[in-house]
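Top line first, the protein sequences correspond to chains X and P. So in UniProt numbering, the last one in the first sequence is 416, and the numbering has no gaps at all. So in UniProt numbering, the last one in the second sequence is 106, and the numbering has no gaps at all.
Check each hint, because a few of them may be wrong.
With a Cα cut of at most 20 Å, we get these calculated DMTMM-like pairs of lysine to aspartate or glutamate [as the list claims (entries may be wrong)]:
| no. | chain 1 | residue 1 | chain 2 | residue 2 |
| --- | --- | --- | --- | --- |
| 1 | X | K65 | X | E337 |
| 2 | X | K325 | X | D80 |
| 3 | X | K126 | X | E277 |
| 4 | X | K113 | P | E66 |
| 5 | P | K60 | P | E93 |
| 6 | X | K65 | P | E68 |
| 7 | X | K65 | P | E79 |
| 8 | X | K113 | P | E79 |
| 9 | X | K176 | X | E206 |
| 10 | X | K126 | P | E103 |
| 11 | X | K377 | P | E103 |
| 12 | X | K318 | X | E52 |
| 13 | X | K65 | X | E314 |
| 14 | X | K126 | X | D168 |
| 15 | X | K93 | X | D168 |
| 16 | X | K126 | X | E381 |
| 17 | X | K75 | P | E43 |
| 18 | X | K113 | P | E103 |
| 19 | X | K385 | X | E373 |
| 20 | X | K75 | P | E68 |
| 21 | X | K176 | X | E146 |
| 22 | X | K113 | P | E68 |
| 23 | X | K65 | X | E277 |
| 24 | X | K385 | X | D226 |
| 25 | X | K93 | X | D324 |
| 26 | X | K325 | X | E133 |
| 27 | X | K385 | X | E198 |
| 28 | X | K75 | X | D324 |
| 29 | X | K377 | P | D37 |
| 30 | P | K22 | P | E79 |
| 31 | P | K60 | P | D37 |
| 32 | X | K75 | P | E103 |
| 33 | X | K325 | X | D168 |
| 34 | X | K377 | X | D349 |
| 35 | X | K75 | X | D104 |
| 36 | X | K213 | X | E197 |
These are computed hints drawn from the structure, not numbers from a lab.
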Amino acid sequence: MNAPVDLDHASIAATTPLDRLDPSNPAIFRDDAWQPYFARLRREAPVHYTAESMFGPFWSVSTYKEIMQCELAHKVLSSDSLHGGITIRDRDKSLRLPMFIAMDPPQHDEQRKVVQPIVAPANLAKLEHMIRERAIRILEGLPRNETFNWVDRVSIELTVSMLATLFDFPQEERRKLSHWSDCATALPMPGGLIENEEQREAVFAEMLGAFTKLWNERVNADPRPDLISMLAHGEATRNMTPREFMGNLILLIVGGNDTTRNSISGGVLFLNENPAEYDKLRANPALIETMVPEIIRYQTPLAHMRRTATADFEVGGKTIRAGDKVIMWYISGNRDEAAIDQPDRFIIDRARPRGHLSFGFGIHRCVGNRLAELQLKILWEEILKRFPRIEVVGPAERTYSAFVHGITNLPVRIPG
Amino acid sequence: MPQVTYIEHNGTEHRIELEAGKSVMQGAIDNGIPGIDADCGGECACATCHVYVDEAWLAKCGTAGEQEASMLSFAATAEPNSRLSCQIAMSPELDGLVVRMPEAQH
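This is chain P alone, in the form it adopts within the complex:
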């Protein structure tokens, strides 16, 4: 199964296996990884599953859609490599993906 590594703001790393098709947000929630809140449950409606995608994986993750970009524009600490992890679906091509969490989810 493809793997994802989540790095908390304090540097703590969590590596998990994530079934293709599941979202990177869901992987964090199912495995109790702190730092991703996902208040809206994956509807792209709150920006509390905000992650920074490691530069090496940015192109493979694709770009944010219109709704996602709107929500991200209201996130407190958005950067050019910011994505909402509920909108990144796991796939074999993303095996090894690394994402970092912001200081807080707003």
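If we strip away everything but chain X, and leave its shape as in the complex, we get:
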């Protein structure tokens, strides 16, 4: 069921009747074949309705300008988990997970502000030294002249050690964080990471147990600058229900994990696919500054965010009705030539590289965006000091998901 199939995506994307086009099929992301589907949507129907899909009916918004309009319309396009939250997949009402990304104002604003100081400029400055030490340790431990999976050895390792620090979670158990994150976003399927929702709930319960222990230690201690202590002492969060605590944990774990991880992997892949850009970077490491946001645009580690209309809403000449599901395809808006020059090219020295949709815009814009950039920047600075070349030596394997646009395996070799 999940094995790659050799399909001619370009002709399927071109010949499927427009009203039958389904850009949510997770296989097109796993097979890196999403481009022609979204190119057609941008050209023929920037706001498009799919009546039938594995996720039910939904609207697709695929162009930059129209996505921005939706981002700003938070009063009629709700993120609330009561309506289905922020991803295309509906969960059973009884399994709903409140978390601040899946709330509307005012509750969203109150809870978001509790964790926001973790990424304030002063705190980022404190974290910088530690991130660099970790990055150096990870890079120094890599084998030479030997094929290994960059995702596992570097991308996951750096992001989970960072997350463990932010939570003040035991470093020796840091891999649990990536496991929980993967389980939170996995599509249930036979032989998959999780096979059904019961399994997922069991994993969440294990996670909640571990974090409740930390919460209990910190709620009775003086406030400290870690996320658990901040939640335990924050006025808007200290009385959260266990389910709400669980939801916010998943938000912070997935938010800090998948995204940065997949951008770290994507960067290595894109530089290998674009050797002239890799040469430019080696000749001028100062280009890391503009390369980092370009990597985040080009990867678009979260392919979409979802909203649910609470009133009729006009966008792109279409009327979205109250109750309809709206998918803002960041991955497509980031390739919109009306907004981005030569969007299908990976160019590490763009003039204004941060004008991309990967972090979202409006009130739900990614809290951790500068921390994500900082991690990538430091990692690339340390990579360039050590390795003139990281060679991708086999095909990348990708996540079967319409939400997490991920790379699960990237075989590389460092000559030396």
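Starting from the structure of chain X, add chain P where the hints point.
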């Protein structure tokens, strides 16, 4: 043409002429003044063109609208005189405006 002075967090001053009707954010971008990122390009959707308006000019600049106030409330270092510079349109009345940039745009 009306003038605006931008003061970077490190104290460096930049004085430019800015056509009436253009935003204070656009003036910084067009003149390559560091310290204003403007990731969303002026849609009032990101809070990375955050400035502190000099007290003397605060009343003339008007108050933040609802969307702007929401975005500012998530800015890392917002103060009572914080504005998003994409939402301040230049006018003859603002000739001489002084704005300061925060430590970083988040």
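These are the hints, each one checked on the structure:
Distance check on the hinted pair: X/K65 and X/E337 sit about 11 Å apart at the alpha-carbon level, within 20 Å; holds. The hinted pair formed by X/K325 and X/D80 meets the criterion: a straight-line CA distance of about 12 Å does not exceed 20 Å. At most 20 Å may separate the alpha-carbon atoms for a hinted pair to count; X/K126 and X/E277 exceed this at roughly 32 Å. A hinted pair counts as satisfied when its Cα atoms are at most 20 Å apart, and X/K113 with P/E66 qualifies at roughly 17 Å.
The straight-line distance between the Cα atoms of P/K60 and P/E93 is roughly 7 Å, inside the 20 Å bound, and the hint therefore holds. The hinted pair formed by X/K65 and P/E68 meets the criterion: a straight-line CA distance of about 19 Å does not exceed 20 Å. For the hint pairing X/K65 with P/E79, the CA-to-CA distance comes to about 31 Å; that exceeds 20 Å, so the pair is violated. Between X/K113 and P/E79 the alpha-carbon distance is near 15 Å, which keeps this suggested pair within the 20 Å criterion.
For the hint pairing X/K176 with X/E206, the CA-to-CA distance comes to about 10 Å; that is within 20 Å, so the pair holds. Simply put, X/K126 and P/E103 have alpha-carbon atoms about 15 Å apart, close enough for the 20 Å limit, and the pair holds. As the CA atoms of X/K377 and P/E103 are separated by approximately 19 Å, the hinted pair is consistent with the 20 Å bound. At most 20 Å may separate the alpha-carbon atoms for a hinted pair to count; X/K318 and X/E52 meet this at roughly 18 Å.
Distance hint between X/K65 and X/E314 is fulfilled; the C-alpha atoms sit about 13 Å from each other, no more than 20 Å. Note on X/K126 and X/D168: the hinted pairing holds, with a Cα-Cα distance of about 15 Å set against a maximum of 20 Å. A C-alpha spacing of about 32 Å is found between X/K93 and X/D168, which places the hinted pair above 20 Å, so the restraint is violated. Proximity of X/K126 to X/E381 is assessed by CA-CA distance (about 18 Å); at most 20 Å being required, the pair is judged to hold.
Distance restraint check for X/K75 and P/E43: the Cα-Cα separation of roughly 16 Å lies within the 20 Å cut-off, and the hinted pair is therefore satisfied. About 19 Å separates the Cα atoms of X/K113 and P/E103, which keeps this hinted pair within 20 Å; it holds. A C-alpha spacing of about 19 Å is found between X/K385 and X/E373, which places the hinted pair at or below 20 Å, so the restraint holds. Pair hint X/K75 plus P/E68 holds up; C-alpha atoms about 14 Å apart against a cutoff of 20 Å.
A distance of roughly 27 Å separates the Cα atoms of X/K176 and X/E146; the hinted pair therefore is violated under the 20 Å criterion. A threshold of 20 Å between alpha carbons decides the hint, and for X/K113 with P/E68 the separation of about 16 Å falls inside it, so the pair holds. The suggested pairing of X/K65 with X/E277 is violated, with an alpha-carbon distance near 28 Å, which exceeds 20 Å. The hinted pair formed by X/K385 and X/D226 fails the criterion: a straight-line CA distance of about 31 Å is larger than 20 Å.
Annotation: proposed proximity of X/K93 to X/D324 holds, straight-line Cα distance about 17 Å (limit 20 Å). For the given pair, X/K325 sits about 44 Å from X/E133 by alpha-carbon distance, which is inconsistent with the 20 Å threshold. Taking the CA atoms of X/K385 and X/E198, the gap is near 47 Å; set against the 20 Å cutoff, the hint is violated. For the hint pairing X/K75 with X/D324, the CA-to-CA distance comes to about 14 Å; that is within 20 Å, so the pair holds.
A hinted pair counts as satisfied when its Cα atoms are at most 20 Å apart, and X/K377 with P/D37 qualifies at roughly 17 Å. Of the pairs offered as hints, the one joining P/K22 and P/E79 is violated, with about 24 Å between alpha carbons and a cut-off of 20 Å exceeded. For the hint pairing P/K60 with P/D37, the CA-to-CA distance comes to about 24 Å; that exceeds 20 Å, so the pair is violated. For the hint linking X/K75 to P/E103, the alpha-carbon distance of about 31 Å lies beyond 20 Å, and the restraint is violated.
A C-alpha spacing of about 37 Å is found between X/K325 and X/D168, which places the hinted pair above 20 Å, so the restraint is violated. Proximity of X/K377 to X/D349 is assessed by CA-CA distance (about 14 Å); at most 20 Å being required, the pair is judged to hold. Between X/K75 and X/D104 the alpha-carbon distance is near 8 Å, which keeps this suggested pair within the 20 Å criterion. Under the criterion of a C-alpha separation no larger than 20 Å, the hint pairing X/K213 with X/E197 is inconsistent with the structure, at around 24 Å.
When each numbered hint is compared with the structure, violations occur for hints 3, 7, 15, 21, 23, 24, 26, 27, 30, 31, 32, 33 and 36.
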